[in-house]
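Peer 1: Chain residues, written in single-letter form:
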Amino acid sequence: MNNKLNYFTSIKFLSKYIKKYKKNFILFYVGELFNALLKVYIPITFAIMIDEIVYYKNISVFLNVSLIFIVMLLFSCALYYFSENQHCYLSILYAFDIKKDVFDNLQMADAEYMSNANTGDIINTVQSYTKECMHFVIRNIFHMINNILILIFLVVYIFLLGWQIGLLMMIIVPLSVFVSVKFGKKTKKYANEQRQNYAEYSGWLYEMLSGLRDIRMLGAQDTAKNLFVNHQKKIIKVNVKTGLLSMTAQNIITVINLFIQLSIFGVVAFMAYQNNMTVGSLTLILAYFANMTKYVGFLSGMYLEAQNRISYIQRIYDFINVPNEKNWYGKDKLNVTNGKISFKNVDFAYKNSNPVLSDFSLDINADEKIALVGKSGSGKTSFAYMLIGFFRPQKGFIEIDGQRLNDCTLASIRENIGIVQQDTLLFDGTIKENLILGKRQATDDEIIKACKRAGIFDFIDSFPQKTNTLIGKDGIGLSGGQKQRLTIARIYLKNPKIIIFDEATSSLDSETEENIHKAWEDVLVGRTSIVIAHRQSSVMLCKKAAILENGRIIEIGLPEEMIHTSEAFKTLFAIKEANHHD
Amino acid sequence: MKKRFINFYVKYTIKIPILFFAVILFGVITIVSLYLLTKTSVIISSDCVINNCSIIVDGRIESHTGFIYIYSDRNEQIYSVEVYETSYENNKTIFLVKGNHEFIFDMDKKEIKVDIPIREITILERVFLKGGKINE
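Which chain is which? The protein sequence lines are Y and U, in order. Each position in the first sequence, counted from 1, maps to that position plus 46 in the working numbering. Each position in the second sequence, counted from 1, maps to that position plus 1 in the working numbering.
FYI, nobody ran anything at the bench for these hints, they're computed from the structure. The model shown is predicted, which means the values in this text are computed figures rather than measured ones. Errors might be hidden in some of the hints.
What the hints assert, rightly or not - Over 12 Å on every C-beta distance to chain U, these chain Y residues come out as not near it, computed from the model: (1) N49; (2) F74; (3) Q132; (4) Q240; (5) K564.
What the hints assert, rightly or not - Computed cross-link-like contacts, BS3-like style, restricted to lysine-lysine with a CA-CA straight-line distance of at most 25 Å: (6) K65/Y to K114/U; (7) K66/Y to K16/U; (8) K85/Y to K40/U; (9) K114/U to K68/Y; (10) K131/U to K103/Y; (11) K65/Y to K40/U; (12) K103/Y to K114/U; (13) K69/Y to K114/U.
A virtual CB, placed ideally from N, CA and C, is assigned to each residue, including glycine.
If we strip away everything but chain Y, and leave its shape as in the complex, we get (with noise of 0.2 Å):
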């Protein structure tokens, strides 16, 4: 997690991904290592034609090999051809494999990490940086072994010749690797700088976008706009310092090119006034000079940019090392016959701060309907995550059903379990794909079934389409109330034994409330329910309420005494009803 990457252990990092194309990547490379070669001998030929016309009249020798020039020309727009299909083809491929490997640990991260990350952070990570990953793999990896080896070429063919052109050129190669490195250090940094604040505004963009109405609402338009002009102008300044250090690297590695350039000049007129140079090889040091100059160039910039990249890969390297699920440790599959609960003495905390459960102790007998009532931060949430796998007790256990939820699978505890939230996952496709997330091979009767049994049937059936019916961005929209009465079909589908309902209903008004809880008498039967409420409505629904407070149980009992004996149960809601009016 804390490892810092480096150029090396990027591509060691990266080698998993290029393993599985490992025969498009080494065709690639072939097709790319060609071509550089042609690249070499191509102003070679070139050479022998000038000075075999020039200075010999050599036609037969020129037409031969004006041929071989033809030929090595064709031959390397094939060659970019087939390289050029298979990059496209891994650049397709080769991020998508990272995408899923990212996704897949999105989905399977620690639930800690993920209440405390960042959206516009995920998003990047997910969409742009594994692009980045793609380009490195190619570029700073590919190119850069070319280039290498063109550049070895070029020397060996410029020392053959004149070794005074050789030694000059030479001097290129060590400045402009100095000038690369000195700059590289400060370009990673600032490449840090922009991948942090491009994250933080996408995450607050994400935000305000979701809370546009809001902003509106409040007349807040003017704050939000200065707060987007801020976090453009950070980012614009980091743009504007990465640009010039970019530019200023570049620049002296230009400048030093033009002193040797001139040096090269020099040199190569006073051959040729010596009756030591012809024009043929005057052409291919100025050609070679030329090509010298730019694979120089493009290694330092490579140099550069890589830095820039290794950040990106960074964050992805750190995402797909983040603690998650697959360290859950249980092996057992849960089986859940009557539903009985048992939290034994369990303690737990966030990291780096106060303990959420303390010592913790409550039994849910089979089928029993119990609220938990608490101030915000009471830990009711928390208990609800630990009991469907997000959290491991730090101390104590759970069980269901005299099993330990610690050695039972992840699958088969939430296979058990059902949670309807107040915020419903409902996704731009059909009712019946949004229907089915949590059993994917339910029946069209079983579906209808469970439509009815939610009440929400009949107003699935007023639609032409019916279940097919689009809903989201394309479709149609759904109220609060029918959103919640499609979660309950989902759990009908579903059918776990035991139901957690998480503050389900606090955002709906009073009369759709009442009607969802009508629905929930029908769904709770037969099952184990938790019920953690803010409404004192939605606790009379049940048999038991225990109130939570500093992550210990202060009192339990039937809501119907509660409501008379119980001043912490009186307090509660008289403060929660109050601020519900407001």
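Model the placement of chain U on the given structure of chain Y, informed by the hints.
Peer 2: Showing chain U alone in chain Y's frame:
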């Protein structure tokens, strides 16, 4: 039809590298063959002295083509001269040239050089062993 074409295209340009290797093989064989089949001369450039119709250079050198190339500035003008006899004296080579070469007398007082093709090599050798240079 379109999908079939796409599948065919992807199969033969990306997944199955037969065509790709065929292109590489064809390209490499063609280029190497042409490199091997095309022959060019290796030249020795040397200072020379012109004496009547003979051109004298240091060392023992023989033109394999029967031609030598004389110039005072290679980038201005090179004269191709046919040799009809080559003789050697005191570690010097004397080329007796054919025909009427009045230019030789014009060049008499200048510093004169001669390019002598000494042997034949393939373009492959010239490219890979000599870096494209024509001189020995």
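Peer 1: It remains to establish, for every hint, whether it holds in the given structure.
Peer 2: Status of each hint after checking the structure:
no.: 1; hint: N49; in the structure: holds, 35 Å
no.: 2; hint: F74; in the structure: violated, 10 Å
no.: 3; hint: Q132; in the structure: violated, 6 Å
no.: 4; hint: Q240; in the structure: holds, 35 Å
no.: 5; hint: K564; in the structure: holds, 52 Å
no.: 6; hint: K65/Y to K114/U; in the structure: violated, 61 Å
no.: 7; hint: K66/Y to K16/U; in the structure: holds, 13 Å
no.: 8; hint: K85/Y to K40/U; in the structure: holds, 22 Å
no.: 9; hint: K114/U to K68/Y; in the structure: violated, 58 Å
no.: 10; hint: K131/U to K103/Y; in the structure: holds, 21 Å
no.: 11; hint: K65/Y to K40/U; in the structure: violated, 45 Å
no.: 12; hint: K103/Y to K114/U; in the structure: holds, 18 Å
no.: 13; hint: K69/Y to K114/U; in the structure: violated, 57 Å
When held up to the earlier numbered hints, the structure conflicts with 2, 3, 6, 9, 11, 13 and fits the remainder.
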